[in-house]
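One-letter residues, chain by chain:
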Amino acid sequence: MQRHLRFSIRILLFLALWGGWSTPAYSQMPPDLKQFLESRSFPELINTYKRDRVSLLTEGKRAKIIAAQPYTVEKGYRCQAFAGTQQENSQRVAEQLRALQLDSVYVIYENSLYKVQIGNFDNRRDAEILLDKLRYSKVQGVWIVEADVHRPKSIEEQQAFQQQQLEEQQFEEQPGYYYAIQVFATNDQLKAAQLKETLAGDLDQPVEAVNQASSWKVLVGKFNDRSGAEEYLKKLKREKFADAWITQVPSP
Amino acid sequence: MMNDLCIDMAMNRSPKSFRAGFRKRAVLFRWFLFLLAGKMVLGCASSVPSAMETAGKEGEPNIRVCLVENLAAATLGFEGAYILELEEARYQLDKSIGTLNASFRGTDLILKNDRRYYELSAPQTVVFKPSASGDRFIFNDIPYAGELWFQVEEGGVTVVNKLPVETYLLGVVPFEIPTNQHEYQEAIYAQAIAARTYAIYRLQNPINSRYDIYSDVQDQVYQGMLKKAPLAEDAITATRGIILANSSRVDKIFFHSTCGGVVEATPDTLTAASAGSGTFAYDLSDNDYNCKVSPYYRWVEVRTLETILWNLQKEFRLDSLLVRDWLETGCKLDIQIAKRRQSGRIEEMVMRVEDQLFPVSGFRIRRVLADQTGKVLPSNFFFFTESPGSWEKLYLIGAGAGHGEGMCQWGAIGLALKGNSYKSILGFYYPNLSMVKFY
Ligand SMILES: [Zn+2]
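Chains as they are written, first to last, in our numbering: chain A, 1 to 252; chain B, 1001 to 1439.
None of the hints are false.
Chain A regions said to be covered by chain B (calculated; three or more residues, Cβ under 8 Å):
hint, segment
1, 36–43
2, 77–91
3, 104–114
4, 136–146
None of these hints come from the bench; they were simulated from the model.
Since we're looking at a predicted model, the values are computed, not measured.
Virtual Cβ for every residue (Gly too), placed ideally from N, Cα, C.
Same shape as in the complex, but just chain A (with noise of 0.2 Å):
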């Protein structure tokens, strides 16, 4: 039992320290952690573990998803110039298309199929208007689809947008506070003492592990001005925290 929850502790602190990489892969685990896992029969470990309860949460992002995605998604017609299981043939495609100078030329996968798609119309006579374009460039082979469409937002909309980051970007810089970075929240104190212990070896700033609205969060850091900490951000993003971001928080 020690030794599960040893294991157990080292294996977090090995995510956390993953965290930010989008693909976790199990073949960059330390050996010692993996041979842990691959002894043990997998009930036990579950029976073990017992984690089958989680929570995720979000604060909602609406500023980022706007920036990611200037269009909607709606119900239309592309004109479709390749479907198959082939992905380089797909890109193939693609890049033909592509150097007739049209523009949205999309490749996606759907259905087990790569596929090419041009156009984004939400009637299929427009889409006709394309194919035959298509043809007289001598492109053959391409056919009218019902499809997911791009609709580009509204200039209000974006110019909306705009305004609401510009408000958000301007915000007071507040007498008595600085700037941290926070890389991890947790309910287990014991969770954030690890990561701090951990970090503070590895990271030229100070670390420090508070307790903040009844979550204990691991803060590195701290800097009289937002762009010192931005600076410092970027290279934890880079390192190993994607998803760190800033925080203010009250001297002493």
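Guided by the hints, dock chain B with the ligand onto chain A, whose structure is given.
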């Protein structure tokens, strides 16, 4: 190397322990093979069906494989000469006609390119026949052997590939098991027999009147002549006609990629083991898990809240505006495992977003936890860990790939690497089935 005998592999059904049982079986088995030359086991003939359509040489049946159930659009080409016989004429199609685009409009199947135009109205079945055995038709970039059928009906077009079972297996075995290492050979033999058994089961229990079997994971993956795999070809040829049967009938048998060390019991597989230890058995020999060599033996996956919400949207056909609203204004997702099997595989799970409940079970669990590209979770065999560093992320530590019933394919490879023959591999995973020369 095989003769026309039933080979009974289920001699020892000791319930003591799976592993011990296996060892004993393996020893007995060698002894048994010794006696085999003169020994006849009764019950072979009784498993041969009479109603089944047979064709090809020596009673090898043809199988009708569904390539597409409801054709929207596809591409079609030919290598070699295919014959299309219609009322008005007989056409020969080959490489020179290029690629045809197939589509279904109203009640018509349209096949066309700038050289050819065929309009085929419902109801009719349009059959393209190869003129030689090496001829191929290319459907959606995949080459296939055998006949191509378009079953044109008012409601849509079904695309079927009809071909001899042994040829069909050439498009199955390389996609079911890795075939790139000589050391895997015994496992590939075992897979060839298992895949053939499944095909024969489907011939006796077809999906519907139009075709026998699906070409995807609903049955077993079939990708035509896409992959040339000499080891698979050897295995199929050497085991020609051999299947697994339960003395009087061919049952639906199961196999899966990787069990992660724990195989679920099914009536044909581990009843012997389950009598002792419950509903599952360890995939263990020489004190070592057989499928440890699998890339899916243990895995870690990470999922974001956003990905899971979009999966729920697809799975439960939610209004995408609702999901967008959750993401923009903030929300909480609770996930609770409601029921695990004795092995630990998850049967039921409940997800809750705000005040909406989403119960998911079976394969659906793997779909709602798919990654951003839609790739489903490898198995239902996992537990959660907290998501250090982010409240929006979930880590899953899991084992195996697939449902965990029947033969563990990577376990078979593990057993082959440990020096076991295909007969003892099949005897290990299907102790209650016997090998039968079906044709
Ligand atoms: Zn296994």
